[in-house]
Amino acid sequence: MTLDELEVGEEAIITAVNGEGALRRHLLGMGCIPKTKVQLHKVAPMKDPIEIRLRGYLLTLRVEDAKNIEVSKL
Amino acid sequence: MNFALIGNQNSGKTTLFNQLTGSNQHVGNFPGVTVDKKEGTIIGHPDCTLVDLPGIYSLSPYTNEEIVTRDYLMSGEVDCIINILDATNIERNLYLTLQLIELQIPMVLAINMMDEMKANGGTIKINSFKDMIGVDCIPISAAKNEGISDLINCVIRVAKEKKQPARLDFCSGAVHRCIHGISTMIEDHAQAIHMPARFAASKLIEGDKPLEQQLKLTDNEIDLIEHSVKEMERECDMDREAAMADMRYTFIEKLCKDTVIRAHESKEYLRSVKIDEVLTGKYFAIPSFILIMAAVFYLTFGPVGSFLSDGFAAIIDSIVAFISQLLLDYGLNDVVYSLIVDGIFVGVSSVLSFLPVIVVLFFFLSILEDSGYMARVAFIMDKPLRKLGLSGKSFVPMLIGFGCSVPAIMSTRTLSSNRDRIMTILLTPFMSCTAKVPIYAVFSLAFFPDHAAQVMILLYTTGILVGIIVAFIMKSTIYKGEPIPFVMEMPNYRLPSPKSVLLLMWEKAKDFITRAFTIIFLGSIIIWFLQNFDLHLNQVADSADSILALIGQTISFIFKPLGFGDWRAATALISGFTAKESVVSSLAVLLQTTSDNLPAALGTLFTPVSAYSFLLFTLLYSPCIAAIAAAKREMGIKYTLVMIIMQCTIAWIVAFIFYQAAMLIL
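Protein sequences, first through last, are from chains X and Y.
So for the first sequence, the numbering used here puts the first residue at 144; every next one is plus one.
So for the second sequence, the numbering used here puts the first residue at 46; every next one is plus one.
For the record, the hints were derived by calculation from the structure and aren't laboratory data.
Watch out, some of these pointers could steer you wrong.
Only pairs whose alpha carbons sit at most 20 Å apart, straight line, appear in this in silico EDC-like list of lysine to aspartate or glutamate [as the list claims (entries may be wrong)]:
no., chain 1, residue 1, chain 2, residue 2
1, X, Lys178, Y, Asp284
2, X, Lys190, X, Glu148
3, Y, Lys432, X, Asp191
4, Y, Lys544, Y, Asp81
5, X, Lys210, Y, Asp284
6, X, Lys190, X, Glu163
7, Y, Lys208, Y, Glu122
8, Y, Lys175, Y, Asp195
9, X, Lys210, Y, Glu534
10, X, Lys178, Y, Asp291
11, X, Lys178, Y, Glu298
Work out the full structure, taking the sequences as your base and the hints as a guide.
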């Protein structure tokens, strides 16, 4: 499953970060790498973007981009 | 000595910069790009300059900010890097640190917000942390001004000793072999361009194509590197980028496990989450956003702003009156007197009357920015703006455009990419500014006395609609296909520091005053000259004989298909360049009437249809000279010219369609 499919509050482990280019590199640099624990923290009022929590901080990204992050539920 | 301050966004970098330099700072641009270059001298150390580099998360060369930072650090000008880290978010902050270490420049880590971390039961064992990472560390609290003198002393010592980071290897296994192999192979190339081989090797592995050329690698070498990277990818079962990120984070995790005692859930975080239940919550997010922006607008353009504007205008008027009396008593030549009083004073003081509004607006904006609320605005408004090819961050500048384009354009500085910045600036003038309201009001009174509100609403919506259409066109032409990553850290709410707020207000005010006395000063003189002289350079008694009127007559044919081919309309539009309000006052002068009788007099010049066409044109045509000057500062002369031409063309087309269609129907 992918990150955007989590329910608010659910935790998961990142298994793969797909996609390419600047966005992917940025995600990796921000610590979104395989084996990292993430939690879906919040969904924006218009359902997009989403807010995730990882490594003790909050990160906002768009649903479209979250689809590139594969996770497995804890 | 030259120091560079670098760190992630939201790490407290600006606060630290302000603590270190106080008010001894000035803002410029890095060559070629519109990235702020803030420089200052360190308080008590006049021989130490400090450059504030943009807030970035990585040293890859993909954004202007990252490129600027990399080039500056590699320039050889930096004696010591001050890398500020947020202790409460140490893992992600260290990612940049590991890349900085590869540069082999003397460096000190300023570990910020240690107080906050300790208050929440955590800490960093500084000595073992320092041993493991091989760089000197000083715990500080930038907001409370603690540890700052220790930091300065340490930085000066490290710079004097030219003490490079003691440790370079954070890797193991396949990545380690790959980095070492490549860095040995390219050592000579790297030395030739004064780049540490290790840094170059990492960047090559990450797939930095421009660097291959910079290093003048042969095809054979490129093949070898490619081969070695492929080998590594296979061994790690990850692609190159993921492998490098994984290598860094693996070390960081180990470092933190050994030396960081984690805080329990911090009260700052819990407080933020609580506030966000309302401010970014499902039901309250948008109402509270509207409420907050309405309050900012009301205070800026309402009582506070107008009180300050009026007071300020009164002061300027009395200064002008005093000086003009002095000049009269002195018996100054009439023409020179007119130049100074009617040209320069009137022009510059009408522009300076914007100043209080700008200062008040930036007071609120910097509070919204520093507190962390702007990041929330980007979060809740991203979806609608994405359809236009922008991100949520562009919403606030465009909203401010309804007040005044000048601060709106100035506030695009906080947007993350050059593309977003330029697009937002180009769209901002479509948001009808308050200076156009007097024009709408006079014309409504004259032609649509019973429908003034409807006319106003219709004009505002037309502006927005045209803006949206233009955005779509830009998105599918010049900005086609360029992705705009929107991956943003959501910082905890913080109390804005008064010092930062005041410094930002001062900076923007200074910026605006400088422009008022350069570009706008020149513009005022030109318009004054055109209004007061004829082609034989004689001063004219009647403005109908002036060069400006002549230009109006010459170009009036352009407006004939729009329904207002009279030279006076054209002339009034030209004078609108200085400030939109002057369209009304020019019309009054040209029709030889007072502003009270203007609505009646306008009937001789316009029909209701051509009046509305004129309003549409005024709504959409080139912004005033103050906005043009602001745009030039933010995006350079080329895009500014594009903006002026584009807007005049669009204004003409829209008014043309309206007028011709109306004439057909009616």
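Check your understanding: Taken at face value, is the distance from the CA of X/Asp191 to the CA of Y/Lys432 at most 20 Å?
Key -> holds (12 Å)
Review point. Are the Cα positions of X/Lys210 and Y/Asp284 separated by 20 Å at most?
Key: Roughly 19 Å between the alpha carbons, so the hint for X/Lys210 and Y/Asp284 holds.
Exercise for review: For the pair supplied as a hint, X/Lys190 and X/Glu148, confirm whether the alpha-carbon distance does not exceed 20 Å.
Suggested key: Measuring from Cα to Cα gives roughly 12 Å; hence the hint holds.
Exercise for review: Below or equal to 20 Å on CA atoms is what counts here, so check X/Lys210 against Y/Glu534.
Suggested key: holds (18 Å)
Point to revise | Distance restraint between X/Lys178 and Y/Glu298, which requires alpha-carbon spacing of 20 Å or less | key: holds (12 Å)
Point to revise | 20 Å Cα cutoff - pair X/Lys190, X/Glu163 | key: violated (24 Å)
Check your understanding: Are Y/Lys544 and Y/Asp81 close enough, with their CA atoms no more than 20 Å apart?
Key -> Measuring from Cα to Cα gives roughly 19 Å; hence the hint holds.
**Study point:** Holds or violated: Y/Lys175 to Y/Asp195, with C-alpha atoms at most 20 Å apart
**Key:** Roughly 16 Å separates the two Cα atoms, so the pair holds.
Review point. Keeping to a limit of 20 Å between CA atoms, is the pair of X/Lys178 and Y/Asp291 held or broken?
Key: holds (9 Å)
Check your understanding: Are the Cα atoms of X/Lys178 and Y/Asp284 separated by 20 Å or less?
Key -> Given that 20 Å is the threshold and the Cα spacing comes to 15 Å, the pair holds.
Review point. Is Y/Lys208 within 20 Å of Y/Glu122, Cα to Cα?
Key: holds (15 Å)
The structure fails to meet hint 6 from the earlier list, while all remaining hints are met.
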